[in-house]
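One letter stands for each residue in the lines below.
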Amino acid sequence: MIHAVLIFNTSGVARLTKFYTPLHQSSQTLIPKIFSLICSRPATLCNFLDAPELEAFLGPKGEADERWRVVYRCYATLYFVFVVDGAESELGILDLIQVFVESLDRAFENVCELDLVFQFDEVHHILAEIIQGGLVLETNVEEIDNSVQLAAKLRKESFASANPLSLGTGVGGAGSRGGNLKTPLGWLTGKITGGRAM
Amino acid sequence: MWERTLQDLIRGLRANKKDESKFIAKAVDEIRKEIKSDDMELKAGAVLKLTYLDMLGYDMNWASFHVVEVMSSPRFHLKSVGYLAAVQSFDQETDVLMLTTNLLKKDMTSLPTDVSVALNGLSHIVTPDLARDLSPELITMLTHSRAHIRKRAILVLYKVMTKYPEVTPQAVAKLKDKLDDPDPGVVASTVNVLCELARRNPEDYLSLAPQLFHLLTTATNNWMLIKIVKLFGSLCPHEPRLVRKLQPPITDLISTTPAISLLYECVHTCIIGGMLQGSSGDSLARMCVSKLAAFIQDADQNLKYIALLALVKIVPSHPHLLAEYQDTILSSVNDQDISIRMRALDLVSAMVSPNNLQSIVQQVLSHLVSDTSSSTAPTAAQSLAQHTIPGSPTTTHISPSQSPAYRLVLSQRILNMCSQSMYENVTNFEWYLSVLVDLAHIANVDIGSQIRDQLVDVVGRVRGVRRYAVKLMYTLLCDDTMLHNARDEGSCSEVLWAAAWICGEYCSELSESQKLLPYLLQPEIVTLHPDIIAVYIQATSKIFGYWAAEIAQRWDDDDLQEAQSTVELILGRARQFVSSSDVEVQERAANTVQLFGFIQADLKAYKPKPADNPFSEASSSFDPIGGEPRFPKSLYLLQPLHEAYELNPVALTAQASVPIPDGLDLDAWIVPPPQEPVVAIEPDYEAKVRKIKKGKAKEVNGNKVKNGKKKHKEEGNGVVLITREPDDEIENAEERERVRRIAERRERLRDDPYYIMDDKPSTSKRVDDIDSIPVVRLDDMPSLAGIDDSRKLPSLKGDYSSPTSYVIDRDGEMPEGAVAPSPQIATPRTLSRQHTPTPISAFPQYEVEDEVRTSTPEPIQVTRTKKKTPGKKKRTKDSSVLPESSNP
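One line per chain: the protein sequences are Y and A, in this order.
Plus 157 on top of the position in the first sequence (first one is 1) and you've got the numbering used here.
Plus 17 on top of the position in the second sequence (first one is 1) and you've got the numbering used here.
Watch out, some of these pointers could steer you wrong.
Stretches of chain Y that chain A covers, calculated by requiring three or more beta carbons in the stretch to come under 8 Å of a beta carbon on chain A [claimed, not checked]: (1) 239 to 249; (2) 260 to 269; (3) 300 to 313.
Rather than coming from a laboratory, the hints here were simulated on the basis of the structure.
For every residue, glycine included, the Cβ atom is placed at its ideal position computed from N, Cα and C.
If we strip away everything but chain Y, and leave its shape as in the complex, we get:
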């Protein structure tokens, strides 16, 4: 089973944290620890993080349990980190990270870090179409994309029906792709469309 999905950037700032299993230690100490270990690893090394420093966190929890593994991949400025146990295939998880990133890419059209920053709720919705409660729900990018699009459309409609006068796209300005926020211009459109005059 998958115990956690984390996304943080190359400076260690968390962009998404999702824990499917409650942690014994605080996530706020774990993420910097994992980050400091991962960021010092050159790209040529393997995608599995195994360090004595993590032993307390990853080590076997019970008799039958295998140790947890940290599988990560780096895309541009972001690290995608999955924490999984022995029921998951190590190489399979690497593929799953790829599936996740492809799904993000479809939903955001050329996804970049800022998409994740400003639409963190949308990222959660996409992840929820791939993994549910730590188990893989769907691995086909097409299927995932369809579900994501459908849910996004429904949210948009629901928002529009509740706020007939609004140009915005969802709660707190977030939602599906309303304002393109990658560029300063996008920021401006976000400013114009995102706010709601009361």
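With chain Y held as given, fit chain A onto it using these hints.
Below, chain A alone, put in the same frame as chain Y:
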């Protein structure tokens, strides 16, 4: 009014990086206002902002009720926000989860989109209560018309089963049907859930094997195949027939599949599923190992990693297959990737044998060396590794060998590899000792105590290595560097404990033992840990004792000078420690000072005799005629104190195997407990005792002490009551006197602010008790105080339930306890002195060496604490020199 949206918040955060906490405090204040608003949109916006802040580590538990409010919104876009917040912030203890049962029920019968949001949310927040209440709905939902919902329901069901196991039989029966679902995604989800379930209780899912086997041979989806293969990996160890059935299709998959992940899982399942046993398994094992070996040599580091992972599991059954790849595997220990190193270390430690131990350990040791001391030239492999990654971030990042955690792992690995199975793989103990000393010098992590234990254990068990050990330890003690760094972290100064102890205990192996004394007594040792200082002092005394006896043997009056100065030196140093703040050091120093003071006085009083009788020197050190030795007698003072007994390792079960002498009844009371007359005399006494016991069981701090005291008093009273029965008249007079005094005392204390008056009636009784005890005993029966005490003893010690603990103790000594002892390494603590000639030697297999040693070192033998029957144990040492020693 212009509310901040989530995006405004994020922008604000980015703009206020310097003053983030202030900005967030302000934002949270706003959120607190907005979240109470009647406007659902505003409330949801506030919840969403909180969810974002939650990710940054700010608490949002206070808002959980508002989260439920947003979840219950009929509008889909708001409901999604609510569920997202719930998923991110709720845990099993969140109390508002009780409120969500009906909400979830409603959402699960709503529009398909609501259902999927609810199912996704439920899979995170499910509690045992929710699981129980919602499982009927979930099970009906397995037949939902939409595949998407069916998939989600199946996955939620797994979570529900973990929280509410009672539903499992019903749910598994339904899941079985889902293996035939027309939608491949649903089947994959079912396999996924079954794979998780089978990892916990494989036996329960063996009945699914035929269906799964069918899927294995027909499915084409690699994701699902991986899971099926994994599932079989859990099932196989529990059903041998399955192994035979699976071998052909799995072998087929291994040779045909283009997907490396699937190939790897097949190989992995073969290994953990026990498919490599037997004649047919052998070729499969060969195939698996060759595939994995190809992975190790692959340029892709990921393949290397997982190959090492799988090879660790194949070592126990097929070590011979790996021998061929030993060099490749060893080179992986040098990999610049710490993940690979860790796994390679695992593998290498599993592969250790007497033939390769030295080379492996030396290689691991070299990792520790190369980084600490830059002066040593890097090996070819290391310099090569440094050149292969030019210009990469490696130049800035710390080499893995320098991380303390990794160094600790390396050091522990070395110790474990060598000491496992009672030094099974060590063939040369002189080598091992030097490895230990080297490790102490270079480890630079806190492993000194483990090295110390190893040193003492090895020297205690391996007689043949003692001479070398003493020499080695001598140099260690003479070396200042360790002493100087003793205060540093990771200095491993504990090794000096072992060094001093070994030199002291086995000083007979030293050629000029007295030369070590100045080192043991140098002033710098004050920086050491008190435990080590204590051993230093003790070792000093042992060495002097041996040396003094030695010079007494060949006494020459010229030695007097040296002996005197040595005693002077020891006394001078030991006196400094007499006032040590550590009790152990203080006591040993005080002992030493007294003993050496005696020796000093004797040496002073000694008058050299004219050496007119050359024979006495040659024949015996004692003058047979005069009865007076030629040397100062006190030179023989210390030696017998230290060398009367030999120190041997004791089997863990030795104590338990001591036969109980005839006529010893361990059940009999040593001191019979007082009868319980108290009950008869004082009716409410028993009740009180019960109360006290209860208090004791609770172990409430403070209360316990108080209760103990109370009990003491009351039991005292009980005893007193019996004893004073005959003296009724005195008693009556006394009673009146006591009552009067109590009243006086209470009067006095009434206005005293430092006393809290208790109005409960029991208080007077307690006070009553205080007064009664000493008075009665002193007045009535001074001569019987001893008896009185002894009667009270068992009750003073504790409650009457204590005899049960005796029973446990006795069981420990039963011979049954010795039937199946686990062989373990004795730590220094388990070494204990045994009288050499006693027949009950715990270590019959111990090799006894001849006194005469040849110049070439003899083969070193390990003794092993083995299972021993009590009968064997009683054999004398000499009668059992060889048969049981298990020399690898």
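So, going through the hints one by one against the coordinates:
Counting residues of the stretch 239 to 249 of chain Y whose CB falls under 8 Å from any CB of chain A gives 6; the rule of at least 3 is met. Check result for the stretch 260 to 269 of chain Y against chain A: violated, 0 residues qualifying (beta carbon to beta carbon below 8 Å, three or more required). Proximity of the stretch 300 to 313 of chain Y to chain A, defined as three or more residues with a beta carbon under 8 Å from a beta carbon of that chain, is established by the 7 residues found.
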